[in-house]
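Protein chains: 4
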Amino acid sequence: MGHEFHFRDKIPVAILGATGMVGQRFVELLGNHPWFQIVCLAASEKSAGKTYAEAANWLMASPLPTSIASMTLQSCQNLEPNRSFSLVFSSLDAACAGEIEADFVKNGYTVVTNARNHRMNQQVPLLIPEVNSAHLKLLDNQNLFGGNGKIVTNPNCSTIGLCLALKPLQDHFGLESVHATTMQAISGAGYPGVASLDILDNVIPHIMGEEAKMETEPLKILGELVANQIVSNPMKISAQCNRVAVSDGHMINVSVKLKQKPTKQEMIEAFQSFTSIAQELALPLAPKNPIHYFSEDQYPQPKVHRHLDKGMAVSIGRLRECPLFDYKFTLLSHNTIRGAAGGAVLNAELMVRLGYIRW
Amino acid sequence: MGHEFHFRDKIPVAILGATGMVGQRFVELLGNHPWFQIVCLAASEKSAGKTYAEAANWLMASPLPTSIASMTLQSCQNLEPNRSFSLVFSSLDAACAGEIEADFVKNGYTVVTNARNHRMNQQVPLLIPEVNSAHLKLLDNQNLFGGNGKIVTNPNCSTIGLCLALKPLQDHFGLESVHATTMQAISGAGYPGVASLDILDNVIPHIMGEEAKMETEPLKILGELVANQIVSNPMKISAQCNRVAVSDGHMINVSVKLKQKPTKQEMIEAFQSFTSIAQELALPLAPKNPIHYFSEDQYPQPKVHRHLDKGMAVSIGRLRECPLFDYKFTLLSHNTIRGAAGGAVLNAELMVRLGYIRW
Amino acid sequence: MGHEFHFRDKIPVAILGATGMVGQRFVELLGNHPWFQIVCLAASEKSAGKTYAEAANWLMASPLPTSIASMTLQSCQNLEPNRSFSLVFSSLDAACAGEIEADFVKNGYTVVTNARNHRMNQQVPLLIPEVNSAHLKLLDNQNLFGGNGKIVTNPNCSTIGLCLALKPLQDHFGLESVHATTMQAISGAGYPGVASLDILDNVIPHIMGEEAKMETEPLKILGELVANQIVSNPMKISAQCNRVAVSDGHMINVSVKLKQKPTKQEMIEAFQSFTSIAQELALPLAPKNPIHYFSEDQYPQPKVHRHLDKGMAVSIGRLRECPLFDYKFTLLSHNTIRGAAGGAVLNAELMVRLGYIRW
Amino acid sequence: MGHEFHFRDKIPVAILGATGMVGQRFVELLGNHPWFQIVCLAASEKSAGKTYAEAANWLMASPLPTSIASMTLQSCQNLEPNRSFSLVFSSLDAACAGEIEADFVKNGYTVVTNARNHRMNQQVPLLIPEVNSAHLKLLDNQNLFGGNGKIVTNPNCSTIGLCLALKPLQDHFGLESVHATTMQAISGAGYPGVASLDILDNVIPHIMGEEAKMETEPLKILGELVANQIVSNPMKISAQCNRVAVSDGHMINVSVKLKQKPTKQEMIEAFQSFTSIAQELALPLAPKNPIHYFSEDQYPQPKVHRHLDKGMAVSIGRLRECPLFDYKFTLLSHNTIRGAAGGAVLNAELMVRLGYIRW
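Protein chains in written order, with our numbering: chain U, 3 to 361; chain H, 3 to 361; chain R, 3 to 361; chain S, 3 to 361.
It is possible that some hints are incorrect.
Identical copies carry no separate label here, and so any pair may be met within one copy or between two of them.
Capping the alpha-carbon separation at 35 Å, the derived lysine-lysine pairs in DSBU-like fashion look like this [as the list claims (entries may be wrong)]:
1. 52 to 290
2. 259 to 215
3. 108 to 48
4. 259 to 139
5. 139 to 290
6. 266 to 52
7. 48 to 266
8. 238 to 261
9. 290 to 238
10. 215 to 238
11. 48 to 215
12. 263 to 238
13. 215 to 261
14. 266 to 215
15. 12 to 290
16. 290 to 312
17. 312 to 52
18. 263 to 290
19. 266 to 238
20. 238 to 259
It is worth saying that the hints were derived from the structure and are not from the lab.
Full structure from sequences and hints, please.
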């Protein structure tokens with residue numbers, strides 16, 4: 003099982019939008035993956051023809067593997083139908099992702115994407131393996147863009163962390179309402195992204211479109227699949243999003259009202275005992291524990307905990323009663339690993355093990 | 003009126019805790035004040051006897067006035083009863099403020115303090131001139147520590163900003179509940195305060211004692227004076243406090259539930275039309291407008307707006323409806339000016355004009 | 003004299019490149035200037051027609067004056083020859099400054115520019131009023147671009163600070179060689195300029211073109227005017243330039259070899275006694291003392307000293323003997339005030355008083 | 003050889019000053035070391051008796067191993083002579099290191115220390131394995147503090163990086179003079195160390211004692227062992243040290259004058275071909291390449307390259323001719339790994355392989 007699950011050959015994959023911040027994380031995570039092998043890197047027209055090393059301003063802490071550095075970038079819009087791969091990871095900008103991804107689905111590819119364009123499509127799983135693996139059944143009848151390919155999306159970077167914390171609460175106590183205030187890292191805005199003059203010694207109290215995503219995506223993710231349709235979760239969410247001078251790691255101050263108010267100890271147990279099919283199958287990128295709970299007042303912190311469990315676990319602390327809701331707590335997750343590329347890779351790993359990706 | 007209100011001689015004052023961050027703000031604000039003149043600077047035993055320039059690690063942006071640089075520091079605990087002043091500003095640490103301030107009151111001094119020790123004492127005004135000037139009437143019967151001095155406190159740095167925003171809402175629409183999440187500046191922790199290794203590229207999700215202050219102080223401040231007793235405001239408050247890498251200026255994400263839900267435009271008008279006795283009397287340090295409202299999505303920001311109206315105004319923006327409460331908005335105030343030394347000086351200015359400080 | 007030097011009417015001026023970082027400093031410094039009045043703001047084609055408030059992402063700490071906020075931006079390339087002004091301040095990008103400024107000179111305007119394009123032209127003064135006011139005589143015979151206008155440039159932001167420190171050393175002891183290592187603020191790269199992902203928790207050891215400017219511009223500035231030609235100073239300079247996470251204020255670690263090695267005390271006296279025609283004429287923006295010397299080991303610092311004397315003075319400290327050169331010291335100057343817009347305004351002030359600008 | 007060099011049992015070691023920044027690095031590097039096993043953690047009197055987890059504010063990015071978290075701290079001053087270990091790593095403060103380390107030597111222990119106290123003692127190797135492994139011969143006759151123990155020191159954090167860059171230049175071309183300007187990380191000052199109010203948006207142009215160390219230690223390190231005495235290298239060094247807002251990684255701008263000026267290509271080859279006994283023996287913590295050379299103008303950068311080769315390699319870039327010296331370049335090294343704990347561990351590894359540590 004898990005890492006013992008072996009293939010004769012690795013699954014060949016392409017990365018669309020490979021030069022951006024999330025694209026670089028894809029390269030980092032897939033460059034040495036036990037199941038996947040990068041055979042195609044694609045980016046915008048202007049990068050096409052350059053080597054990856056030339057076109058990408060590599061910002062990851064680990065060195066760029068030489069074999070990838072020398073790969074020639076293709077254009078996302080003119081990928082030859084050479085059929086050397088059938089699985090595509092996408093970190094395209096929303097400005098072009100909708101159309102390009104639809105083209106790939108039309109041409110029979112399986113698209114695992116971080117882009118937001120098709121997230122709320124009723125036929126498309128908005129997937130977090132630990133939370134709503136059942137939604138993958140939507141693929142059985144997914145029939146989109148006039149082709150026989152498939153598409154699976156992962157949620158917004160802040161939504162993923164939030165839903166991992168909400169899932170055990172929903173299962174054990176039922177959710178009524180959620181108030182979430184974020185302090186988000188600059189890597190979430192891509193590169194070059196946030197100007198240094200805007201964030202040094204400053205806080206920016208607005209991130210375009212972010213609050214709407216956080217208030218709607220969890221309703222789908224935590225919704226139930228009934229007769230192959232997702233029925234939205236009826237809870238209410240209010241989100242306030244801020245940008246702070248942190249490189250990686252989104253912090254969220256969360257207040258929750260539950261259907262049945264548990265004791266603090268029951269809350270902690272719900273967090274600590276949380277596990278899922280991703281852990282059972284020991285998917286390569288699955289965190290050993292999806293949630294790490296800290297009792298120290300000053301934790302979690304981005305600098306200290308963002309890399310826990312390969313950047314795939316969320317950290318929770320400061321759990322205490324709330325005068326207005328039932329409980330409040332602080333939540334941290336790595337926005338470009340768990341909240342983007344890592345989340346997408348984990349989605350693909352689950353799809354492999356459940357038979358949705360074949361080769 | 004106001005700046006035209008002149009004295010033959012300035013009022014001599016002492017500053018206790020003069021070398022700390024808030025003490026330095028007191029020196030900056032009182033060093034060239036039209037009504038007050040610093041005649042005594044006091045600090046801890048170990049600084050006594052040194053010049054102010056030697057003992058204080060001056061961190062203000064404006065240069066230290068030479069006349070003050072050369073003043074010899076006294077010890078707060080052995081101030082001679084020379085009666086060269088009767089008004090004392092205090093920015094003492096809570097560890098020693100309680101006792102020392104009580105001694106000054108016992109000995110007949112008027113103490114205007116930023117320390118938290120006596121804030122919740124039922125006989126002590128917890129004063130913000132724009133919000134609860136009526137509470138100064140507590141002084142008429144204040145009888146504390148076995149002396150005939152008087153003491154007035156100002157609230158916690160985060161509370162002051164919050165109450166300035168809440169006051170017009172309370173007056174126009176009535177407050178039911180308030181949810182406040184802060185992103186607070188490092189200057190709030192004094193000097194040396196927060197270690198750079200703890201805050202560079204990081205967020206600290208906890209500030210000792212801060213949430214309790216924010217959840218209780220506003221109830222007294224927005225309470226009513228009935229038969230010379232303050233009846234606490236019955237609203238409920240939940241606060242979550244975080245430290246971020248900002249030098250000055252506390253940001254607060256606020257959600258409010260009101261007794262009568264107004265339109266957004268009515269909210270804006272309540273903020274923009276807010277004024278008070280401090281503005282009517284044109285107190286020297288009073289902001290021309292206590293609240294500046296911004297309609298741009300990306301405002302307010304600490305770096306851009308903390309110095310508005312001499313650092314004495316609060317800035318509000320991002321007003322929008324809240325799915326859980328009625329409205330949510332972002333609030334900024336300067337924590338060591340409006341939220342500490344400037345707030346105390348404004349308190350003293352009001353006390354002068356209302357006859358509570360004589361000389 | 004000086005501030006007592008009055009005009010019946012202020013001199014009308016235009017600002018080219020008014021929306022950028024240096025352009026905003028021009029607006030801040032000229033918006034309330036005793037001698038100059040902004041009558042025209044110009045920027046790129048795409049900003050033309052918008053109000054200044056719409057087009058500029060105002061980043062200065064002081065609020066944007068309303069009268070300027072509502073001014074309509076012109077295009078730098080299609081300014082009507084309406085002759086409502088004859089003095090032009092330029093903070094244009096080097097990419098377009100050369101041609102546009104030449105056009106203005108051709109059409110008879112006086113151009114005072116921060117752009118680098120014409121700095122090394124032998125007929126153009128590269129002016130710092132405290133250092134080489136004599137070079138203004140070049141204007142008497144300046145005959146450029148086929149017109150009868152005039153053009154005066156100010157040096158690169160790092161060069162200005164360096165030359166202010168070198169001038170008294172040159173005068174008293176003679177300069178042989180200078181080794182300069184900079185730690186430069188992010189505002190020097192304009193807006194959006196440096197990406198936050200590149201500078202948070204980082205140092206960038208390269209600034210395009212900066213070292214070449216620092217190694218050549220001082221030779222012209224400290225050169226002598228002989229027969230209306232500037233003879234370059236023969237000293238040698240080596241510069242190393244780095245970008246650090248500071249908002250404003252360039253630090254330079256300087257080592258100097260002098261023709262006659264003075265005592266440390268003589269060095270200090272040379273710095274402290276330094277004054278010039280700009281101080282004698284009490285030009286409105288001239289610092290009272292061009293150089294502030296600090297004996298404390300930890301000074302100067304950008305955060306503490308960049309605003310000294312309206313941001314127009316340089317700060318020097320840590321003077322000590324150098325095992326390789328004669329002395330080494332640390333130098334600070336405000337890069338967008340003294341090093342750019344403020345330097346240009348001071349140039350124009352000197353030109354007014356010396357009769358090079360008439361109206 | 004190297005990692006294939008196996009022991010029946012690991013060597014038991016103690017760490018003195020185990021709770022500080024460098025002490026934590028020792029714990030991180032030795033916690034899972036193939037040759038060494040931590041059997042004793044010691045710190046100040048006030049930490050003695052607490053578990054390591056209680057006493058240390060763990061700031062490393064990797065999680066604290068449970069087995070170490072639960073170890074009980076001993077007092078450095080009352081370590082029982084239980085002889086369960088004979089090798090001691092020290093990261094004590096200079097205030098107490100001199101005496102405590104002398105006591106250990108007196109009692110027959112082998113002390114491998116990062117403290118500065120005994121660095122310049124003529125009988126004590128100031129060791130960098132890649133640079134001066136021959137100096138270990140001093141141990142043959144080392145006779146200090148009236149005991150039969152031995153002591154080996156590693157240089158100051160900035161010195162180590164500098165000497166690794168200078169060594170191949172010395173060997174190939176001969177060194178005449180070196181000018182070094184540093185931009186040093188905050189972790190170099192320990193914890194709590196630099197106050198955030200002092201370094202956010204700032205540069206501090208002074209680090210106590212640092213310049214003297216950089217100007218003297220390399221002369222010993224690069225000196226020759228003649229008749230069991232170290233003859234200092236006669237080159238001259240000038241250092242200027244600054245603190246910047248970087249968490250880890252010291253940058254140095256270096257200018258060098260050589261006895262024979264090579265071509266730029268010869269310089270690069272000298273850097274890139276540099277290797278040593280540490281690489282030949284494949285010591286566990288030895289970097290594969292001590293020097294990484296970058297031709298990209300914007301490299302090296304602390305955030306990007308500090309972790310190269312486990313944080314044990316230095317990075318060099320921006321090599322170019324210098325108008326005053328022969329060449330200038332930029333150098334980066336990790337100050338608490340290569341420059342402190344990692345350097346000391348590598349020293350001990352070399353001592354093991356050369357027979358200076360037995361058990």
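Cross-check of the supplied hints:
Taking the shortest alpha-carbon separations for residue 52 and residue 290, only the inter-copy value of 30 Å comes in at or below 35 Å, while the best intra-copy value is 39 Å. For the identical chains of this complex, residue 259 and residue 215 are neighbours both inside a copy (20 Å) and across copies (23 Å), given an alpha-carbon limit of 35 Å. For a Cα distance limit of 35 Å, the shortest separation of residue 108 from residue 48 inside one copy, 25 Å, qualifies, whereas the shortest one across copies, 39 Å, does not. When the C-alpha separation of residue 259 and residue 139 is checked against a cutoff of 35 Å, the pair qualifies only within one copy, where the shortest distance is 30 Å, while the shortest distance between copies is 41 Å.
For the identical chains of this complex, residue 139 and residue 290 are intra-copy neighbours only, at 25 Å inside a copy versus 49 Å across copies, given an alpha-carbon limit of 35 Å. With identical chains, the CA atoms of residue 266 and residue 52 are at most 35 Å apart between copies only, with a shortest distance of 28 Å across copies and 56 Å within one. For the homomeric pair residue 48 and residue 266, the shortest alpha-carbon distance between copies (34 Å) is at most 35 Å, but the shortest distance inside one copy (55 Å) is not. Within a single copy, residue 238 and residue 261 get their C-alpha atoms as close as 13 Å, and across copies as close as 21 Å, so both meet the 35 Å cut-off.
Taking the shortest Cα distances, residue 290 and residue 238 sit within 35 Å of each other inside one copy (30 Å), while across copies they are farther apart (40 Å). For a Cα distance limit of 35 Å, the shortest separation of residue 215 from residue 238 qualifies both inside one copy, at 13 Å, and across copies, at 29 Å. Proximity of residue 48 to residue 215 under the C-alpha cut-off of 35 Å is found in both arrangements, the shortest distances being 30 Å within a copy and 32 Å between copies. Proximity of residue 263 and residue 238 under a CA criterion of 35 Å is satisfied in both settings, with 17 Å inside one chain copy and 19 Å between copies.
Taking identical chains as interchangeable, the C-alpha atoms of residue 215 and residue 261 lie at most 35 Å apart whether they share a chain (24 Å) or sit on different chains (29 Å). When the C-alpha separation of residue 266 and residue 215 is checked against a cutoff of 35 Å, the pair qualifies both within a copy, at 29 Å, and between copies, at 23 Å. In the homo-oligomer, the alpha carbons of residue 12 and residue 290 lie at most 35 Å apart both inside one protomer (23 Å) and across protomers (30 Å), since each shortest distance falls under that limit. With identical chains, the CA atoms of residue 290 and residue 312 are at most 35 Å apart both within one copy (10 Å) and between copies (25 Å).
Within a single copy, residue 312 and residue 52 get their C-alpha atoms as close as 31 Å, and across copies as close as 30 Å, so both meet the 35 Å cut-off. Proximity of residue 263 and residue 290 under a CA criterion of 35 Å is satisfied intra-copy only: 28 Å inside one chain copy versus 47 Å between copies. Taking identical chains as interchangeable, the C-alpha atoms of residue 266 and residue 238 lie at most 35 Å apart whether they share a chain (22 Å) or sit on different chains (21 Å). Taking the shortest Cα distances, residue 238 and residue 259 sit within 35 Å of each other both inside one copy (10 Å) and across copies (15 Å).
Against the hints set out earlier in the document, no violation occurs for any number.
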